[in-house]
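> Residues per chain, in single letters:
2 protein chains.
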Amino acid sequence: MQRYFVKSEQIKGNTVSIHGQDYHHIKNVMRMKTGDNVYICDQVENVYLASIIEIAAEEIILKIIETIVYQSELKCSVAIALGLTRREKQEEVLRRITELGADGFLTVSMERSIVKAKGNAEKIIERQRSIAKEAAEQSQRRRIPRIYGNLSFDEFLKFSDDFDLTLFAYEEAGKSGDASFKSIIKSFQGKSVLVLVGPEGGISPSEAEKLLAKGFSAVGLGPRILRCETAPLYIMSAFSYEWEL
Amino acid sequence: MQRYFVKSEQIKGNTVSIHGQDYHHIKNVMRMKTGDNVYICDQVENVYLASIIEIAAEEIILKIIETIVYQSELKCSVAIALGLTRREKQEEVLRRITELGADGFLTVSMERSIVKAKGNAEKIIERQRSIAKEAAEQSQRRRIPRIYGNLSFDEFLKFSDDFDLTLFAYEEAGKSGDASFKSIIKSFQGKSVLVLVGPEGGISPSEAEKLLAKGFSAVGLGPRILRCETAPLYIMSAFSYEWEL
Chain G
0 MQRYFVKSEQ IKGNTVSIHG QDYHHIKNVM RMKTGDNVYI CDQVENVYLA SIIEIAAEEI
60 ILKIIETIVY QSELKCSVAI ALGLTRREKQ EEVLRRITEL GADGFLTVSM ERSIVKAKGN
120 AEKIIERQRS IAKEAAEQSQ RRRIPRIYGN LSFDEFLKFS DDFDLTLFAY EEAGKSGDAS
180 FKSIIKSFQG KSVLVLVGPE GGISPSEAEK LLAKGFSAVG LGPRILRCET APLYIMSAFS
240 YEWEL
Chain S
0 MQRYFVKSEQ IKGNTVSIHG QDYHHIKNVM RMKTGDNVYI CDQVENVYLA SIIEIAAEEI
60 ILKIIETIVY QSELKCSVAI ALGLTRREKQ EEVLRRITEL GADGFLTVSM ERSIVKAKGN
120 AEKIIERQRS IAKEAAEQSQ RRRIPRIYGN LSFDEFLKFS DDFDLTLFAY EEAGKSGDAS
180 FKSIIKSFQG KSVLVLVGPE GGISPSEAEK LLAKGFSAVG LGPRILRCET APLYIMSAFS
240 YEWEL
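Chains as they are written, first to last, in numbering that gives the first Met the number 0: chain G, 0 to 244; chain S, 0 to 244.
Worth double-checking, as some hints may not be accurate.
Looking from chain S toward chain G, a few residues come up when the C-beta cut is under 7 Å (computed) [to be verified]:
| no. | residue |
| --- | --- |
| 1 | N45 |
| 2 | E136 |
| 3 | S138 |
| 4 | K181 |
| 5 | C227 |
I should point out that these hints are in silico values taken from the structure, not numbers from a laboratory.
Small disclaimer: the values here were computed from a predicted structure and weren't measured.
We put the CB at the ideal spot given by N, CA and C, even for glycine.
Pulled out of the complex, with its shape left as it was, chain G reads as follows (with noise of 0.2 Å):
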């Protein structure tokens, strides 16, 4: 069934109400009708049933049935950080990354990064938010990630202080067989995990040096060389599969 995030004051009582592109989105991509039912997922995690009462000029009413309980999210709040690369490639590792359950993401203009920072970074943040909606109401999230934009690799240090663990994908602690991430993992009992991952270049080695003096822990992916792509799904991935089957 299909799900929107509403902002809390779109809720009073049992009504929501829903204008904008949602409206659109229901009215004239999915062409509901007074009757159909929807998910409403409200800023603070809960989810609800609700059903169209009325679809008016430029406002939708929806009736709420009932409340879902469901738990659709991780254990712990991971944040995936990319070091910044190509815009679509930004994108595609936001988009997945949301599906697979992560809880924010944020980009570092790295040594080894091929592209520079540019643009209306607003205008980007509020693009990336926009993704991270859309993948996580197709996926049935509860929670939207946070966008936390482009940080230098300064910032990114002073940034990492709010997390409990802080990690980095490292491709030679990979080919030395070093299972520290899977350990890591299962003997974690905090709540939030920051997760770094390099451009295409990598993460060079005076970047790693700075990260491990910071407190961060050097992981391997495995044996075969993933982009900078595919690591950050292979993270998630591993977080899902540990921590929920």
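Chain G is fixed; fit chain S onto it per the hints.
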């Protein structure tokens, strides 16, 4: 370091001869010179470090320096079958599951496939082989996944006879919090696995019945709804996480 798959007949004693596309890649794309080193993989999982000793008009001659002992393959052979879907999606899945260690790929015409099998089957297989070869080289594999083409659903059921373990990803199994995928992987002692992921519209109830009757197990991939192009990556990541980390 760059890696090239060659046929056995291209290796004679300690000498390797390269022509055609790989010749072009080494000479014009990578702009390598005499004395540069590459990895050479034969079709039987040997990997050699080799040095370029001559770049002739249509042939590059290399000398094998040493044999590389490095395990980059999963301990079991995993083939992914994808419900027939648009070509770009097929190719993206093939590329990524190759990075993640898959050993075989095929598509299956299913009830809810929104596209039909069309075009020159041999040509499509040829194109998929070249995608698999390139992805295997980039991810430092020893093997190139086998490409089986597109099968009808009945052909696919017969095809599955060759595998020790046969699974299909089923949304309802995931939502019910079923842990069978993990317990199946953990207890599996065989050598070959086949996993079917449905097309966009999913696997129909009647197809699911036939799969179960044939001995397939329905497995869930967590509580979120994954797209058909994301589920195969989750599956391959889970095998790697369980077996390799």
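> Against chain G, run the beta carbon of C227/S and see if the smallest gap drops under 7 Å.
violated, 11 Å
> At a threshold of 7 Å, is the proposed contact between E136/S and chain G supported by beta-carbon distances?
Where the cut-off is 7 Å and the nearest Cβ of chain G is about 10 Å from E136/S, the hint is violated.
> Double-check N45/S for me: the hint is only fine if its C-beta lies closer than 7 Å to a C-beta in chain G.
With Cβ-Cβ at 16 Å, over 7 Å, it is violated.
> Can we keep the K181/S interface hint, with Cβ of chain G closer than 7 Å?
For K181/S, the interface hint holds, since the closest Cβ of chain G sits about 4 Å away, which is under 7 Å.
> Holds or violated: is the Cβ of S138/S closer than 7 Å to a Cβ in chain G?
Check passed: Cβ of S138/S comes within 4 Å of chain G, closer than 7 Å.
When each numbered hint is compared with the structure, violations occur for hints 1, 2 and 5.
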